[in-house]
Each structure stands twice: as C-alpha cells, then as structure tokens.
Amino acid sequence: MKTFVINLEKCNGCYACQLACKDETVGNQWLPYSEPQPKTGHFWLKMTEKVHGQVPKVRVEYRPEMCRHCEEAPCMEAAPEAVYCRPDGLVIVDPEKARGQRQLVDACPYGAIWWNDELEVPQKCTGCAHLVDEGKLPHCVDACPTDALLFGEEEELAAMVAQDQGAFAIDGTKPRVHYVNPFGLFISGEVWDPEADLIIEGATVTLEGPDGAVQTAATDGFGDFWFRHLDEGTYRMSIEADGFQGVQKTIELTESVNIGDFPLQKA
Amino acid sequence: MADKRSEGQPDVMDPFGIDVDSKRPKRPEGRGEARREAREGEAAAAQEGGRRTVYKSTGLNSFGIGANVAEVDVEDDRIVRVRPMQYDKEYPLEQLRPWTIKARGGEFHANLKTLLPPYAYAYKNRVYSKNRILYPYKRVDWDPKGERNPQNRGKSKYERISWDEAATLIADEITRVRDTYGLPSILIQGDGHGETKVIHASHGCNTRLMNLLGDDWTYQARQPDSWEGWYWGAKHMWGQEPLGQFDMGNLLLDIAENTDMLLFWGCDMETTTWGWQGQLPSRYCFWLTEIGVQQVYVCPDLNYGAAVHSDKWIPVLPNTDAALQCAIAYVWMTENLYDKEYVDAHSIGFDWLEYYILGKEDGQPKTPEWAAPICGVPSRQIKALAHQWAKRRTSIAHGNGGSYIRSAYSHEPARFEVCLMTMMGLGKPGRNIIKFIEWYMYGLASQQPAPCYSSNMIVGAAYHGWDFKGTKSSITKTLVPEAILGDYTWENPLTWEGYTVCSWPRENQFDTYQHPIIGAQGIHMIWTDTPCWTTCWNGGNSMIEALRSPKLECVVAQQPWMENDCLFADILLPINTKFEEEDIGQDNGAAPFGLIYHEAQAIKPLGESLSDYEAVGEVAKKLGVYDEYIGGKSVEEWVEVGFDCADKPDPITFDEFMEKGYYITPTMENWEDLPRGFGPFCEDPEANPLQSPSGKIEIYATGLAEHFPDDDERPPVPHFIPFGKRHQESLLCDRAKEFPFLIVSNHPRWRLHANMDDIPWIREIPTCKVKGPDGYMYEPLWINPKDAKPLGIESGDVVKIFNDRGWVLGGAWVTERIRPGVVYQDHGARLDPIEAGVSDRGGANNLIAPAKTTSQHAAGEVTSGFLVNVEKVDVFELAKQYPEAFNRPYDPAEGVDISSWIQEA
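These protein sequence lines map, in sequence, to chains U and S. Under my numbering, the first residue of the first sequence is numbered 1, with each subsequent residue one higher. Under my numbering, the first residue of the second sequence is numbered 1001, with each subsequent residue one higher.
Just so you know, these hints were derived from the structure itself, not from any lab. Note that the coordinates shown come from a computational prediction; the quantities given were computed from them, not determined experimentally. Certain hints may be false.
[Unchecked claim] In silico DSBU-like links for lysine-lysine, alpha-carbon gap of 35 Å or less:
{"no.": "1", "chain 1": "S", "residue 1": "1786", "chain 2": "U", "residue 2": "46"}
{"no.": "2", "chain 1": "U", "residue 1": "50", "chain 2": "S", "residue 2": "1113"}
{"no.": "3", "chain 1": "S", "residue 1": "1800", "chain 2": "U", "residue 2": "50"}
{"no.": "4", "chain 1": "S", "residue 1": "1880", "chain 2": "U", "residue 2": "39"}
{"no.": "5", "chain 1": "S", "residue 1": "1113", "chain 2": "U", "residue 2": "46"}
{"no.": "6", "chain 1": "S", "residue 1": "1604", "chain 2": "U", "residue 2": "136"}
[Claimed, not checked] Listed next, the stretches of chain U that the computed footprint assigns to chain S, with coverage defined by at least 3 CB atoms under 8 Å from CB atoms of chain S:
{"no.": "7", "region": "53–62"}
{"no.": "8", "region": "195–209"}
Every residue, glycine too, gets a C-beta built ideally from N, C-alpha and C.
Based on the sequences and whatever the hints tell you, model everything.
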C-alpha cells in the first residue's frame, strides 16, 4: 500500500508542494482520475502556516494539508458508487460518477474535497495516481526540496509511520497520510541578573506539565530557555540559579508563549 | 569620460568572468546539416502533438548564468508541467562522483536532482500571463513628427503597430537623436532583473547594437544594488575584487566541522537564495541543526530563514547594526577577549578603531548601554552576543539585500563586520563569512562554499547580452533621474566617483566621472530592456518625474509583460519568454556538479513576440547593421558555439550533448583540500596578501584617507553614522517625529525583485498579498501588534505608507514577525500609480526610498531602513478621490489588466 509521510520538522514553508499541485492539475486533465483543477481557489494540497510566540521568541509552523487517503474514508461511505480506493490505497473521487454530488465536499472531515463550480464536480488530491501508474512520484513529493514530503510503500516508510502519534488524524478515518514531528506549542523565556546587567547561563528551569510529567532545561549562552512540542494545558514553571532567588510561575498554555524575561534577585 | 578600468583586471563586465570574444571559435564546419534535420524532426513531433521534455533553467539572475534547471514536459505546443531535473538521468553516478560532507557524526549528501525554487512550478503562468505584451505598440499621443506629449507618459494608452513600423520608428529616432544631439544623448538601460538567457540574452542586446553605431552612446552603469556596503565599504579594507565580499571557498565543510555559532546577519537564506541558488541552503541549514550548529538571526524581521531555522532571534532596529557592532567591539576591547596576535599580524590601524570605540575621539565610549537604546537590543543581550562570539567559533552568513547592507551609509556596518571578524581571527577554522547565494561567481573557487567540480564549463561565447566595449559615456544607475532632471551641461556637469559597475576595482572609486561627457549634450532618448527602475532603485518617484520630462523625446521599452517602467514608454516591443526560444545554458553554483544544457524550444512564441536578441535585430536591420549584429550565425549555430567553448574535461561530441540534452562535470578530486574562506591569508598574510594597498586588512583605510580625508560620512575608520548631511533616515533625528517608523524592504519572498507579481497561484499565498475590503490584492505591510493597536490597524486593513517623498498603499498584517518600531514591506510590487510620481496602489515602496545615494562619495542605493509613517485609510474614499486609478480593469488573480493600458483595435 502507498502512503505519504509528512515530516513537519523538515518543512521550510516554501509552498513548492502547493504550487506543484496546481502545476500538475490546473489546466491538465488526468482521466480517469481527475478533471482539471480551477485556476485559483482550490487547494488540493494546501500549505497552512501559523506564527508562534511573541518578539523575540517567535517561530513559524508550516503544515501541508491534503486528502488523507483514509482507509475508512468518510467520502467513500457518503458516495460508495463515486469514490473508490485503488489497490495501492489511493482514494479517488471518480470525476464522472461524482458529477453533481456537492455533498461530498461536506463529507470530508478534513476539508480536503473542493467543489468545481464550472464542471460541477467534487475534486481532491488523487495522489497523482496518473504519475504513480507510471512509477513516478506525486508532483508535490517530487517538488519538495527538503524531503519533508515522502511517498512510498508502507513497508519502506514503516519507521517513519511508526512515529505518527495521530496529531492531526480524526478518529475512525485511518488516514494513509502520516504527520510526524508536529510543532506543538512552546514556552520560552530569558533569565538575567539585573544587578550585573548580564544574562544568566545555566539556570535550571523546571516545567511540570498537566499530566504531572516534569522536564528541565538549562538557560543557554543568551540566558534563553525553550520548551518545545508542548500540548495545551496548565504548566507550573520554576527557575533556579545559584546565588539567586528562584521564581515560580503558573502558565495556562493555549498558544505558544514568550513568557518574558526574568530578572533574578540575589539570594 | 574614458573608461578608467585598471589594467590587468579580469573582464568583470563579462558575467562569465572570461574574455568571451577570444573563446568565440570560427564557424564550425559540416555539423549544421544533421542538427537542422534533427530540429526539424523535433518541431514536426511537436506539431503532431507528441509529448516531449526540454530543459530550461529557471534561475532569474538575468545575465547568462543559469541555475535551477528544470525538465519541462510539453504536449501539443503547451507546457504541461515543470519538474526537477535528475542529474543522473543520462550519466551514471560513478561519472558524477557526488560529494558527501561529513562532520560531527553526520553526513550531508549532494542532491541528485535540482532543488527548484517554488516559483519554478508556477512559472508557466508567467508565460501565459494575460499581462503579456504580444504585439508592438505605440503610445497614442506620441507623434514623432508632431506633439510628443511627454507629460502623458503613464496616463495615455497604446495602440498596436506592426513590427516594421516599430523597428522603423526606433531606428529613425536613434538616427535623429544622434544627428541632432549626438550619440551620448541616447541612454541604454540593459542591465538586469529578468530571465536568464544566453543567445537570447534578456539584457544588453541593445548595447551590442549601439556598439555598432559608435563608441560614445550612454551606458546605464548598474551599481552593486544588493550588496552596496561591501562594495563601498569593505572593499577599502580588504580589496576582495571584484565584489568586495569575502572568500567563502569550501565553507560548507568548514562550518559543519568547526563553527559553533552561525550568525545570519541581515540574511534570509530561505528567500534571496531562490532565484540564484535553489534550495540547497535550506537542506544544509536543517542539517546544521541536526549536527548542533547554533543558528542566530540578527535582523529586524523574523525572516523566512529565521522562521524555521533560528535557535535565537536578535531583532535589531534597521540600519543600527553598526551601533551593535561597536558595542561588541567595546566588550572585547575592555574585557581583553579578542585575538591581539592575529590583529597585529593581519591588520593595520587597529589603534584608530580603539580610539573611536573607547570614546577617545568623541567622549562617548561605545558601550552596550550606549548602543542598547539605539539598536533596540538590551545591553545584557549585546554582552551575551559578544561573550558567546568570543567563546565559541563563530561564522557569519549573508544573503544580500535588506536594511543591513543597502541602507544609508551601508559601508559602515560592512566595515565594522570586517573589524569584528578580524578581532576574532578571520580565516581560522570555524571563523569565516559565507553567503548563501551567488556561488561560484566569476567561476572563482574562492566563491564556492560547496565542493568544487572538476571543470567550470562556460558557454559565454554564445552570449549576446551586455557587450562591453567601454563606451565613453555612462551614468551611474542611481543618478539617472538627477542626470535627466538637472540642468547639467558638459561644462557644468553632474559628477560622481567611480564607474560604479558592481565589479569595478577599488581604485576606480577614486576617479571622478561626469555627465554629459566633454562636448556632449544631455539625455534625449532612453531604450530599456530593464524596465524596473521605478520599482527596484532609489527614489522611484523621481524616476517617474524624469520619464515624463519633455527632455526625453523618445522612450522605448522591450519586455514580455506590461509592468513598471513600461507604463511610461512611447514604443513597446513584445518580448517572449525563454520557453519560446532555443538556447544553451550553464549552471553556476546551484547544481552540485558542473552543468551545461541545451534549452530546446518548448512552445512557439506567443503573439508577435520575439526574443530580446531578435527584437534588437529588427532595429539593426533598419539601421543596416544586421549581419554584424548577429555575427553571421543562426541561433542553431550559436548553440554549437556555446558548446564548443565550454571547457569539457572528457570528450563528448555535440551530437551526444544534443541527444542527452545536458552534460555534467563531476565533483573535483580532493575538493576537501581546497582553501577554506580566508584560511590562506590567516595562516600566512605575507605570502597570501589581500588586494588592499598594504596587503593587510586596513581597519584604517589608507585609500579613503588619501582620497577623501575630510569625508565625515565615510571616514578612514568606520563610524556609527545615524544621520548626516545627506541622509536623515534614523529614529535619532528630527524627521523621525513626523515619520516614526523604519521600514524594512527586503528582496521579496514571492517575487524576484519586480518579476512575477502577476502569478495567480503565488498571489494566493497568504504572505504574498493581503485582500483589501475592495477586493484588491495589496502588498503586505507587516506591523507589530504593539504599534498597530494605537493606530487602530488590524490585519486586512489598507494602510498608507508615506513620507515626504510620496506614499504607497499596503495591506496590513499585524504580526509578531516584525519588532516594534519597524514596519516591513517587500520591494518590487508591480507599479499601479494613483498619481504617478506621488502615490502608488501596488505598494512599490522604492518610489518613496531616498533618491540620494549611499554617501557623498559612494553612489549606491538606499532602499531599505528609511523613515516612513503609517496610517489606516478608507479605500472607498480614496477610490472617490482617484476614480481613474481605482477603476482600472482588475483581476485579483493577476493584478491590473493590460487593457488598462492597451487601446482596443
């Protein structure tokens, strides 16, 4: 079975995948798999982006969204006569049989099916089945310059697939597009000595998570600490440095946060 | 004035770095017939709807040096798709010898396919753009025999004429202007920002024709517009001909092995790299993270490199880097943290720097506490940076562009950087400077940070752009509006220092040039194949004023698309894209191997478009110099000339090359042993001197001291100069009360300069355009929430960005990606004048950049890090005020429709 793996920590946000998808399908008809994608407005592969944090602790999360080629595809259930799964696992909305079936757009919980007004047909990523038939890669995967997008046999990619913790999967769909290394949320800050006007390197920052798990970080040569890949929830943070009074703080984490700079008073 | 180029310099006007004329062989015998038959077969296949694949470089360096070669699938005279090129498709891996960089337990492998920039996949939209100029046009109210109505340039429309009429009109105007005023009164703009082609060169074919007419036409001399500070500043410390930048040979290896901290100073290695370099730098920086090289970004904006690679962001205020650098030097000097031995052996004049930094010159020690409020970085963070840098092996990375290196007095931060690197032992392992673009420039191994290949193949003998024979008359590009608008005569001329072409030697910066040259008159005609002056140079509104001057009797523009300066032309020539022509190309530094390729014609030319080479040829025919112009060869024969002149290590026949479509030279044996950055100078400065007068790093620049001893804007030793006689573009000067923001205007993320603003798929990307309440796609203006709130600005609002030079509009994006006190808008948005010369809807902010050059004796551009104010506007009110501008036919997917300018037949 074919599968996609999207390694999010390798995505540089260049949008080559989104553009390559349009290059392949806008103005090009790939029957029996797809009618042309409209010139604008559809995103069979849609890059998403989100800015995390506040100056100067800011990073951007990029994540390509596409049809998940679900093993238990809601679209297939909604229109079994029009949507089928190929033997290699790629899910296809038959452009002929699905004509007029606008309800398919709502059947997809991932929002990956688009309505083509002009042709009156629901459309989505075919995994570039027409290229796969020729032994080639989907165009988006071929275009990815950093190997963030991978495509191949499930067995070949098993090690990566195993890392998918289902961060972006909806229960009961069993997607064949796997996301690994999700960005999550971060807490970051800075620790310094106001008397000396110097940052403090090597301060110990302890973070107790909503599940009681504890992690620690040492401040770096800029006095910065970072906790990455966190889930939402209530965190208890404490900062300790030799010779200084410690600081405790409770953080209700809903978005990544620059928790600020902490001038520590002498003990 | 005569060409003052020094003897013995490389022919730096030639982008290939070789004397191409000497490489031009005699016409090859006997091989043409087979070629022609093969081509005819190919053309026939295309006609019959056959599927085929051609190679096209997609880099946009715009001269003859290609990059990012793609396979283009074509069917029925239509482009189907663009794919990465597979290097090992026709040659076995053993022959390619792909390199591997090994360091710190990790491995980084040469890519076996091209890592194309995203726009390559959207570029066919550019080919099929509604915005294409497909026929020759003439401005309706420009009558060469009667009223020329120069005041209506940018207002009135165009009517279709035939190629014969157009070529005749241009030839007649050239003849008339030459006979009336002399050849120096014709200004040729042929210098960049377009597609990369060789035989059909996008830029400078017109120089080739003009050279056949005489030796004193006026040449627009393009200055180092993306790395001004290095050229005007650092060059006086270390020479480093031709660019003034650093040696960066083999630094991918050195950084991986030895660098602990890499400072990306004003560098967006995810953006400026695309047009020239592709995406290898992106892979490399991900790998640096894996092997533990800390990546620190020093820039006002969280640029696209920082967004995904940064371990640390130090958001410095634009063009205050010099203050930050001074404070770092202060920490090192006062805490004895620098390499005194190295400084003594490798530099001269360090005591002058100490004198300034420690405050003995002006009573102000350049402490971190002094610098903090100026540069916006807390003093403790300045100290942390100084301490980390001193403790850990640190290299600096650049990408050109932005407010670090092309703002007012940009020579100062460049020079301070050289000072700081000297204090830390420039050239020692892990302590160098790298640039993530323009690799292998001029074919120099010292400019190739990736592993070198065994032969650097050059097809320059087939190049038809930029034919530099040293015409006697020139104007530095930054001063063109002033040259046209001012009342200059040869007895009372406009003067400046330096020929200013980006690769001219240091000494040339001391020579004075003038316009008009002795005995000549001012400019009366412009012929441009580079119609983006207004959107890419300094003070574009002044250029618009110049283009509407009655002194200009004829303005000719040739360009594939109706954009930017084209709006002010009298005659428009339709140019095609590279997909519509056959060519040959070379990759230089983007591929991990040496690479030449045949670019077969993909599709037939659209409309009546011709290539630049052919278009100029039409004029040459009317002037009776066509045979000389084309050198007696057909395009097919020129392909063979290009192939023949490339230095190929293994024998390969032309037929084999044409059959395979490309040829590769492998990785050099023992590439690891090549010098690393400034390694040789570091190890033995006497044996490996720099190209400075003393051979050492001149912290006190003896050349500047000799020639400009009283220049307080560029003194012999670098200074932090927030403002001065020439520029008041600092938050520290009075003008900041009225215009309280500094604007960062980077090389654009989603264009290459002014190219590609009309690609529908790219315009859908959220950071590319912001949809206004009127449905217009505005150029994004980044503003921090702390600044936006008091101004009542929210994301999606339309804002006016203004100063005393005019105003442009933008679509607000309230974001933490820009620090407070600073706004950000990329340069090069497609011109859409509201009131031409005053205001612009498209957001072409170069219009309101300072017209004045870098400093008194440095004729560079100042196009980022200048003062503006920002306010929210009601676009519906503006539309009432300017109905004509706001009611142009418009498609959000592509922008202003060409029918706004073209009169229906």
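Now the hints, each set against the structure:
1. Note on residue 1786 (chain S) and residue 46 (chain U): the hinted pairing holds, with a Cα-Cα distance of about 31 Å set against a maximum of 35 Å.
2. For a cut-off of 35 Å, the pair hint linking residue 50 (chain U) to residue 1113 (chain S) stands: about 30 Å separates their Cα positions.
3. About 26 Å separates the Cα atoms of residue 1800 (chain S) and residue 50 (chain U), which keeps this hinted pair within 35 Å; it holds.
4. For the hint linking residue 1880 (chain S) to residue 39 (chain U), the alpha-carbon distance of about 32 Å falls within 35 Å, and the restraint holds.
5. Proximity of residue 1113 (chain S) to residue 46 (chain U) is assessed by CA-CA distance (about 24 Å); at most 35 Å being required, the pair is judged to hold.
6. The straight-line distance between the Cα atoms of residue 1604 (chain S) and residue 136 (chain U) is roughly 28 Å, inside the 35 Å bound, and the hint therefore holds.
7. Taking a C-beta to C-beta cut-off of 8 Å, the region 53–62 of chain U contributes 9 residues in contact with chain S, enough for the three needed, and the coverage statement holds.
8. Counting residues of the region 195–209 of chain U whose beta carbon lies closer than 8 Å to any beta carbon of chain S gives 3, which reaches the threshold of three, so the coverage claim holds.
The structure is consistent with each of the numbered hints, conforming to all of them.
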